[in-house]
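J.: Residues per chain are reported as follows:
Number of protein chains: 2
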Amino acid sequence: MANAGPSSFVDYDKFLLFGDSITQGAFDQSSGFGFAAALQHDYVRKLDVINRGFSGYNTSHALRILSSIIQPPTHSQIKLMTVFFGANDAVLEGLPQHVSLQEYRTNLHTIVTHEVLQSHNPKLILITPPPICEYKTQEHDRENGRIQKQRTAARTKEYVDVALEVGREANIPTVNLWNAFMAYAGWSEGEPLLGCKTQPKNESLGALLRDGLHFTSKGYEIMYNEVIEVIIQHYPELKANTLPSIFPAWEVAPKYESSK
Amino acid sequence: MANAGPSSFVDYDKFLLFGDSITQGAFDQSSGFGFAAALQHDYVRKLDVINRGFSGYNTSHALRILSSIIQPPTHSQIKLMTVFFGANDAVLEGLPQHVSLQEYRTNLHTIVTHEVLQSHNPKLILITPPPICEYKTQEHDRENGRIQKQRTAARTKEYVDVALEVGREANIPTVNLWNAFMAYAGWSEGEPLLGCKTQPKNESLGALLRDGLHFTSKGYEIMYNEVIEVIIQHYPELKANTLPSIFPAWEVAPKYESSK
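Protein sequences appear in the order of chains A and B.
Here the first sequence stands for residues 1 to 260, where the numbers follow the UniProt record's numbering.
Here the second sequence stands for residues 1 to 260, where the numbers follow the UniProt record's numbering.
Watch out, some of these pointers could steer you wrong.
For identical chains, the list gives no copy identity; a pair is met inside one copy or between any two copies.
Subject to a maximum C-alpha distance of 30 Å in a straight line, what follows is the list of computed BS3-like cross-link-like pairs (lysine-lysine) [unchecked claim]:
#, residue 1, residue 2
1, Lys239, Lys46
2, Lys255, Lys218
3, Lys197, Lys239
4, Lys157, Lys46
5, Lys46, Lys218
6, Lys46, Lys123
7, Lys149, Lys255
8, Lys123, Lys255
9, Lys123, Lys201
10, Lys255, Lys136
11, Lys255, Lys201
12, Lys255, Lys157
13, Lys157, Lys218
14, Lys239, Lys201
15, Lys136, Lys239
16, Lys149, Lys123
17, Lys197, Lys123
18, Lys46, Lys197
19, Lys136, Lys218
20, Lys149, Lys239
By construction, these hints were calculated from the structure, which means they are not laboratory data.
With the sequences and hints as input, model every part of the structure.
T.: Set out below in structure tokens:
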């Protein structure tokens, strides 16, 4: 800074993605579509899409690092932010990632209402945990030498309901990703839970969850569409095609005049 | 900042992509592979890949905004940076994007040696302009109502040679992307120039350049491989799998202890 003289730096505002491994993997295109890459392409020259995904983290880990990942609003602001935790909190009691339902509720509420966010006043999008497919998670766990059962479809659903409650209480638009995945798989409210081993294996649900928990391309596409829908409905002023580009189009951009 | 008390913010260092529309489009996955998305996936939890691509910009535009896109090195550093201009400088004389060869040389040299970069001492990767396919650019221009010829394969090649010279003079590793594309298309040094209308249309070259100038997925893949190769050869300490993650793995990450 001192070397470069007074800075004329113009930063881009941010679209912050805060979550666990499902967020961490959101730039991966290996199966054909990366959620975060699609967002960054939409917002190119308008917002920087910043990935703060942390594989394996639950809301206790998340809360502990929250003030370390939120920038001081000196040069730019966090305009949009997804908060997407719960898949790891929901592992079964006794396992190291487990966070109780009550603690999940408190942590999630603390995160989305945290004072460290206030300096940015970001438009938040809370995302519920996705469903799991027990057939695939158990097969994946066996392959990785984990003998103990890690997750159940029914337990995860309890965390989904808590996330929805937190969103309602804090008045934050919430993507019911669990429901979007289940609807894609043909499930309707009141029917026996898909993904549960007491039910036949559902191929449509499995097509969204590559190892029963993490997303395929199709899963990320559903997530992308749901997030975009929240922006359109709740934050239309932040739609990608509504926001202006930060630097001008080439036809009107100033040029450097070299002394030839 | 004042509200949040002393900031414990830990930013990620940056991998900055500075260029024209080919850089701007580098998160696009619509044809199957986005260059920037692949990099960001490689460097997730290590570096933020920041897109500073500006459609239509030449080196005169670029030089004019350089100090506005380089952050003060307060919280984080630019560790890696691609500089990829010339495709627009090389439009034919008399057209508004044209920059003379001599001015291109001076501008490009000024950019890569600019004092505003020194505070970061980024590891630079210069990228030559790619070849063009005149068959496809002229068809595309006709479709868009541009009657005047915009670019020739031979003219672009002159800008490629200047970019290589600037890289040599400034001692900056340079991706000869022109050569990588031409080699893919089966061309060898000394042969008549592929992409030129005096030669038969080359389908392999055309398969890299969707409109004769901008890249298909396959073009971006070649670009990705070339950039990774430069990092491996010249900056091995900055390879994605060499860099540590900034925040700890979940197994050892501290947790927030709520007062239940």
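J.: Are the hints correct? Go through all of them and say.
T.: Now for the hints, and whether the structure bears them out:
With identical chains, the CA atoms of Lys239 and Lys46 are at most 30 Å apart both within one copy (10 Å) and between copies (28 Å). For the identical chains of this complex, Lys255 and Lys218 are neighbours neither inside a copy (44 Å) nor across copies (33 Å), given an alpha-carbon limit of 30 Å. When the C-alpha separation of Lys197 and Lys239 is checked against a cutoff of 30 Å, the pair qualifies neither within a copy, at 41 Å, nor between copies, at 43 Å. When the C-alpha separation of Lys157 and Lys46 is checked against a cutoff of 30 Å, the pair qualifies neither within a copy, at 36 Å, nor between copies, at 33 Å.
For the identical chains of this complex, Lys46 and Lys218 are neighbours both inside a copy (26 Å) and across copies (27 Å), given an alpha-carbon limit of 30 Å. Taking the shortest Cα distances, Lys46 and Lys123 sit within 30 Å of each other both inside one copy (16 Å) and across copies (26 Å). For the homomeric pair Lys149 and Lys255, the shortest alpha-carbon distance between copies (23 Å) is at most 30 Å, but the shortest distance inside one copy (62 Å) is not. In this assembly of identical chains, Lys123 and Lys255 lie within 30 Å of each other by CA distance solely across copies; the values are 26 Å between and 36 Å within a copy.
Taking identical chains as interchangeable, the C-alpha atoms of Lys123 and Lys201 are never at most 30 Å apart, the minima being 38 Å within one chain and 51 Å between chains. Within a single copy, Lys255 and Lys136 get their C-alpha atoms only as close as 57 Å, which misses the 30 Å cut-off; across copies the closest is 29 Å, which meets it. Taking identical chains as interchangeable, the C-alpha atoms of Lys255 and Lys201 are never at most 30 Å apart, the minima being 61 Å within one chain and 36 Å between chains. Taking the shortest alpha-carbon separations for Lys255 and Lys157, only the inter-copy value of 24 Å comes in at or below 30 Å, while the best intra-copy value is 57 Å.
Taking the closest pair of Cα atoms, Lys157 and Lys218 come within 30 Å of each other only inside a single copy of the chain (21 Å); across copies the shortest separation is 42 Å, beyond that limit. Neither within a single protomer nor between protomers do Lys239 and Lys201 lie at most 30 Å apart by alpha-carbon distance, with minima of 38 Å and 41 Å respectively. In this homomeric assembly, Lys136 and Lys239 never come within 30 Å of each other (Cα to Cα): the closest approach is 36 Å inside a single copy and 33 Å across copies. Taking the shortest alpha-carbon separations for Lys149 and Lys123, neither the intra-copy value of 37 Å nor the inter-copy value of 47 Å comes in at or below 30 Å.
In this homomeric assembly, Lys197 and Lys123 never come within 30 Å of each other (Cα to Cα): the closest approach is 38 Å inside a single copy and 52 Å across copies. For a Cα distance limit of 30 Å, the shortest separation of Lys46 from Lys197 qualifies neither inside one copy, at 45 Å, nor across copies, at 38 Å. Taking identical chains as interchangeable, the C-alpha atoms of Lys136 and Lys218 lie at most 30 Å apart only when both belong to the same chain, with a minimum of 16 Å there against 33 Å between chains. Taking identical chains as interchangeable, the C-alpha atoms of Lys149 and Lys239 are never at most 30 Å apart, the minima being 42 Å within one chain and 36 Å between chains.
When held up to the earlier numbered hints, the structure conflicts with 2, 3, 4, 9, 11, 14, 15, 16, 17, 18 and 20 and fits the remainder.
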